[in-house]
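Produce the complete structure using the sequences and hints provided.
Chains as they are written, first to last, in our numbering: chain A, -14 to 164; chain B, 71 to 241.
One or more of the hints may lead you astray.
As the list claims (entries may be wrong) - In silico contact screen, one side only, chain B against chain A (beta carbon under 10 angstroms); selected entries:
# : residue
1 : 97
2 : 126
3 : 143
4 : 169
5 : 218
6 : 219
7 : 235
8 : 237
These aren't lab readings, by the way, just hints derived from the structure by calculation. Since we're looking at a predicted model, the values are computed, not measured. A virtual CB, placed ideally from N, CA and C, is assigned to each residue, including glycine.
As a plain string of letters, each chain reads:
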Amino acid sequence: MVNLLPQPEQRRLTSAYYMRLATVFCLMVGTAVALGGVLLMPSYLVSRASADSYERYRAALEGSVGLKERAYTSEDVAELIERIRITESYAKSAFTAELIDGFGDKLTPGIRITAISFTRTDSGASVTLGGTALTRQALLTFADALRASPSFTQVSLPVSQLVTEQDATFSITASFERK
Amino acid sequence: MKHATPLIASIILLVAALTAYAFLYIGVDGYVGRIGNALSASETLTRRDAIARSMEQILSDVSAERETLAGFIVGNDDVVTVIELLEDAARQEGVTLSISSVSVGSVSGWSHHERIDVLFSVDGTFADITSFVATLEVLPNAARVESGVLESSGRTRWFGSFAMTFIKEAP
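Below you can see the structure in the form of structure tokens.
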């Protein structure tokens, strides 16, 4: 079909057509978006009200007297746990009587103890016994008696202390194990 | 220009609608986030409260045991009682006591308690000194002898130096 309209008129009509098309498109999209907005309005209002309500609830919970008072409870429990742990480690810590009885029973004639030192360990104590032995044999007998005792382990008598035959000064180190 | 007026108006309308929609959408999103945060915080608080309630119950149930335990610990202002305990025990066992130092120190891992370190020396017979040390070990306190040195200082006399620790409440 031949278009008899002049070229400028044809361009004006085409331009007007696209302009109307764009206007209709914008109106339709705008209407759809506005409709969406209207439909979103109840959700907006409800969520705003709910958010305020939940935040008030949280604030009330935070400010509740009971919770504030109970904040000290966990501190008390922590203190109790620590106290139990410490007293447990200090319980049954007596060992000196057992230690002295332990080597006192093993004293053989001719042995005189003149110094005792001890330092607590996890299982008992590390002990050093110092003294004089009338004879070398008495010292060996004493050291053997300690070695034979289940209460003493790692009994050490330096060989150098066995050089003297009589009136030997000695120093025995050992580990004492609590029963 | 006259022909473009409807287009301009529709564009303005579209932009306004988009802005309003974006405002509402972002608003809903923000409020939902706030609700989530408030709910989670409330749940945490409720849980904490429940735990605190149960701990409170436990503490109430073991209050007698707590008092007994507290009796083993030296009070914050009662360091002097430690010295008096040692002096009483020394008098009782007939040894001469000399306290060389009393110090309070913190121990790693302890936040509610401190350790009292006492260094002292005693003079007496071997039997009296060992009896004195044995008495110290059975004191009604969380206390123990850490180390000691006993030396013969005469025919029947002995001299001993000891380190002992007590537990005290932290200030």
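Checked hints:
1. 97: holds (5 angstroms)
2. 126: holds (5 angstroms)
3. 143: holds (7 angstroms)
4. 169: Status violated, d = 19 angstroms.
5. 218: holds (6 angstroms)
6. 219: The hint holds - residue 219 of chain B has a Cβ within 10 angstroms of chain A, the shortest such distance being about 4 angstroms.
7. 235: Status holds, d = 8 angstroms.
8. 237: holds (6 angstroms)
Violated hint: 4 only; the structure is consistent with all others.
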